[in-house]
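2 protein chains.
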Amino acid sequence: MSPARVSENGQRGWIVPVGGGERKVHTSTILQQLVVLSGGDEARMVIIPTASELDTAGERTRDVFRELGVSDIEIVDLATRTECENPKLLERLGNATGIFFTGGNQLRLSTTIGGTSAAKLIRQRNANGVHVAGTSAGAAFICEHMIADGKTGATPKRGMVSLAPGLGLTNQVIIDQHFRERDRIGRLLTSLAYNPFATGIGVDEDTAAFIGPDDVIEVFGSGGLTVLDTSQLEYSSMAEARKGQPVSLMGVRLHILLAGDRYDLHSHTAYPKGT
Amino acid sequence: MSPARVSENGQRGWIVPVGGGERKVHTSTILQQLVVLSGGDEARMVIIPTASELDTAGERTRDVFRELGVSDIEIVDLATRTECENPKLLERLGNATGIFFTGGNQLRLSTTIGGTSAAKLIRQRNANGVHVAGTSAGAAFICEHMIADGKTGATPKRGMVSLAPGLGLTNQVIIDQHFRERDRIGRLLTSLAYNPFATGIGVDEDTAAFIGPDDVIEVFGSGGLTVLDTSQLEYSSMAEARKGQPVSLMGVRLHILLAGDRYDLHSHTAYPKGT
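Chains A and B, in that order, are what the protein sequence lines are. Taking numbering that gives the first Met the number 0, I'd label the letters of the first sequence as residues 0 to 274. Taking numbering that gives the first Met the number 0, I'd label the letters of the second sequence as residues 0 to 274.
Certain hints may be false.
If several chains are the same, the list does not tell them apart, and a pair holds so long as it fits within one copy or across any two.
[To be verified] Restricting the straight-line Cα-Cα distance to at most 30 Å, the calculated cross-link-like pairs of lysine-lysine (DSSO-like) are:
#, residue 1, residue 2
1, Lys242, Lys23
2, Lys87, Lys242
3, Lys272, Lys150
4, Lys150, Lys87
5, Lys119, Lys272
I should point out that these hints are in silico values taken from the structure, not numbers from a laboratory. Source: prediction; values computed, not measured.
Same shape as in the complex, but just chain A (with noise of 0.2 Å):
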């Protein structure tokens, strides 16, 4: 579930975790961005609707990208393993300029593409150039590590988190999202905690994180992007902590960013809007 290599002279595309409840009409800067990114007019567009319960879930989205004026656009439904293998659904994903999950439960898209022809080939084409968004559980499934299950509140506990090996298109984050909503502060704290390598990203609904090609990221639409680094940590008292018990922590950085900051991801800096 590692991210595919990209090749010498390609360039990675965008990675796009979006927080839920984003709006659902054209004047979401999010999905714009998106288009933009994925050729304008010229997108062609898959949505994956696996993760949700809903019939209707992929048509709404598709409704807004054609708003943006985008009209190729495939809603591939990969509802069981079988699917994931489908030549014709693969090469239908194989000719997108971008993809985006809708929301649900990231353990149905987990359990339903990971390990198949389907994954491989999204990361693939990912570290191909082609962006990858997903909002809601879309988002928390498109990294590495990805939050299967927590409980809510602001202070890390063992145990308060549940991870589970997630899309893999880069390790360099674990996605949290509804972040302000649902008080979700302490499972993604708890999740760092486990083995601090990776940077905490917690993705407020309506707001999107969109992930460069150089890992530098941007912020767009209304709420916040709460960014926990933890390259610095000093102390964590997780092995020592038993179940339930809350966990020290010492030396996390914390940014809140709003619509046009930016943070990269290598070096650990947040820059503000037009700097």
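Position chain B against the provided structure of chain A, taking the given hints into account.
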């Protein structure tokens, strides 16, 4: 409302915000430690129940101090501004080795005690070595910039918190309480964003920050202490944000501390338990 001056060879007393909901039993390590600092069996404790509307607030705390072996306990009910000038009550206050504010409403404390001889005396006594603790509203009140009220939520927003002048024992910290239980990280971040000179400490229930004469904090109790260090704050959009809008914050340092962990407010260093 600034701290009184510590005399040349003197040492300030401990300042002890408690997060509320502490165990009202003799096994409470928080009140135990307060009694030890205040002289053990020889301690002279004063309880100020002004924050509470309940007549029994002071008595419940008195019962625990009794169970802990203290015999000299006075409940000094500063119920009106006139009583805050009453020489008899001031004499009792002035005689204490430890002072404890109960919980309730911090605006009752600031409106009744603020600017009176009682407030001045407590600052002077603290500067001369008397320990002052407060739980819940009592914790909020003891610092110079008091959180009077605010909204819950994880993301800072302009106007989500109301600050008011507090008792003023220290201006090194802004204190919030019931911290994890009431999802208050956003309002504490907002308080700091207005003017990042102070350090934010969010005290969970049944947890206390013992702030020593040297401004090193030691944590007691069963919950966590969230330290928000803005001494290296790189950017805040507070000045540009409109009321109710989220605020960018870059470069906050975050620590989650548990019992036995320490934090130096001057050097902004966290120390794990036992180091």
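Now for the hints, and whether the structure bears them out:
no., hint, in the structure
1, Lys242 to Lys23, "between (40 Å within a copy, 26 Å between copies)"
2, Lys87 to Lys242, "neither (46 Å within a copy, 52 Å between copies)"
3, Lys272 to Lys150, "between (33 Å within a copy, 26 Å between copies)"
4, Lys150 to Lys87, "neither (40 Å within a copy, 52 Å between copies)"
5, Lys119 to Lys272, "neither (35 Å within a copy, 46 Å between copies)"
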